[in-house]
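Novice: Build out the structure end to end from the sequences listed, making use of the hints.
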Amino acid sequence: MSVTDEPLLSVDGLQTSFYTEEGEVKAVNDVSYQIDRGERFAVVGESGAGKSVTSLSLMRLIDDPGRVKGGDVTFRSTSAVATLARKFPEGVATENSPGYIHVTELRSESGAVGSDPGATVRDNPTDVATSLHDGSLHIEAGHVDVLDASEDAMRELRGNEIAMIFQDPHTALNPVYTVGEQIAEAIRKHLEMDDGAAKERAIEMLERVGIPDAEERYSDYPHEFSGGMQQRAVIAIALSCDPALIVADEPTTALDVTIEAQILDLLKELSNEEDVAVQLITHDLGVVAELCDSVMVMYAGKPVERSSVEELYYEPKHPYTVGLMSSIPRIGDDRERLDTVPGTMPDLVQLPSGCSFHPRCPYAEDACLEHEPPLVDVETGEPVEDPDPAVHSAACLEYTGELQDGVDFDVQIREDAATDGGESV
Amino acid sequence: MRRVYDSEALRRDDDDPFSPVEDDESASRNHVNWTNLSHALVPQAIRSRAIAVDVETDKDRYEPGEEIHFGVTFANRFPLPITIVTETPKSWEWSIDGNPKGSEVPADHPEDRSTFHFSRSERKRFRRSWSGRVRVDEKEWRSAERGEHTLGVGIDAVNGAEKLRAETTFQIE
Ligand code: SF4
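For the protein sequence lines, the chains are H and Y, in the order given.
Each residue of the first sequence is one higher than the one before, counting from 1 in the UniProt record's numbering.
Each residue of the second sequence is one higher than the one before, counting from 1 in the UniProt record's numbering.
Since the hints were derived computationally from the structure, they do not count as laboratory data.
Glycine is no exception: its CB is placed at the ideal position from the N, C-alpha and C atoms.
One thing to keep in mind: the hints can contain errors.
According to the in silico footprint, chain Y covers these stretches of chain H (three or more CB under 8 Å from chain Y) [claimed, not checked]: (1) 18 to 27; (2) 53 to 66; (3) 352 to 365.
Specialist: Listed below in structure tokens is the structure:
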């Protein structure tokens, strides 16, 4: 398998907990998924499902009392491997010594270099760094173990390779610097450009995300921008360093519906044109339909359903997903969004026995109190060990044949909205 | 449900455009640091005696399948702040017949020491419940047997853990 066939990001068995006086809050409890290059992947669920914590864990932004207790996050980008190998040769793994930067293939014009490419990099750091920089050597294959990376390496990775867009632009924008300076700063830091070039690129980026009169607005402070414009500026920062992956955490929740649609269009267009993968975190399946290719539904820290967006819309398999589906707002519907999944997310300090969803599930039977359903292929009932995006999987005893009455729901897709994959704003 | 963004468990860094900016933090540093003072005054061995532990179920007898609600209290008997050093980041734990949280599956808390802090004369109360089902495997639970069961609570303290426990019994009929 060549490196480009492998997913850009693999998350395996991620577990993140917060230790509080109340007890251990299991926010992310054995979550696995993968994202391909250029893919738009959604993580959906209500507040408290563990979506944000999943993303923050992979960005390594979780701090005390939070702890990533287990799992692996593998990021396969040759440019990331090259940058990190150049700057942190001591972190390169060789056959005999551990490390978080894995160089599996190193090439020069005359062919593959070294039988242990990691050792080649580690033993001659200065020469290799120069050759990597001037292009006489390049890294053909490799990956980074994100959870083991040093703090400095993470700073390099965040922004350069993986960028994050938060729900509230204020989380990312510093009120005391102009918007333009903040973009230019990100560019200077990560692309090693001088001030003039960085400013030019920052203005270009502002134009790119649809900010009119970009040159003049470069010197505006964040408060002089509207909410939608601020979010555009944040997207400009995120894109300014050509990341391979953008993690967008509820990027449109704080915005009104028209602006939301514009921002989603922008993200879609940019991800198509720049071939950047997006991990979108949202509670809103309408937003997923607008933007994404595949989706993972989370409940109480665990994935309960994974599939392509299209299949999830036409054939949702988990009762929780079905509940979420009915909370999609409809065009022209001004009613308050209904709380269509009755009940609340369980206390993550004390999860219900068996299927965590049983207290809220209309189909719960005795078996659901005693058996926790594994994530299985909905067709075969076989457990899915490796998260395969082509397999539609769900964690409900219906698909392991353990229910007596079974689940039974009808999904009605309204004609006026079905054309683009579902109902949405 | 507290959102992670409102918590302190998020790395913030003004110099890193890709991590959240820092909150305004201008807490005064000029107050008496009671914790350090208490550490200076109260030796480890005594600290465990300062905390009274109590646990109580809401009833003595339960039907099979009924949820067992209980209350846990930790009270600092000293007019000084007390910090207990714990073996893991888990401040305290409850158990049924010796199984943490009624689970036969061993817990996997990181083995780094942490602290459980009490201010002067502070009482901490927690409400918990147990489903009456014992976790026998990663993904399997069984209804508890009828008869008497012991509910225990304790702080896994580095010093004096034996003094920081309490237990009670109840019947499933
Ligand atoms: S396993 Fe049972 S409780 Fe869980 S979703 Fe399926 S039917 Fe509902």
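Novice: Run through the hints listed earlier and report the numbers of any the structure violates, in increasing order.
Specialist: none
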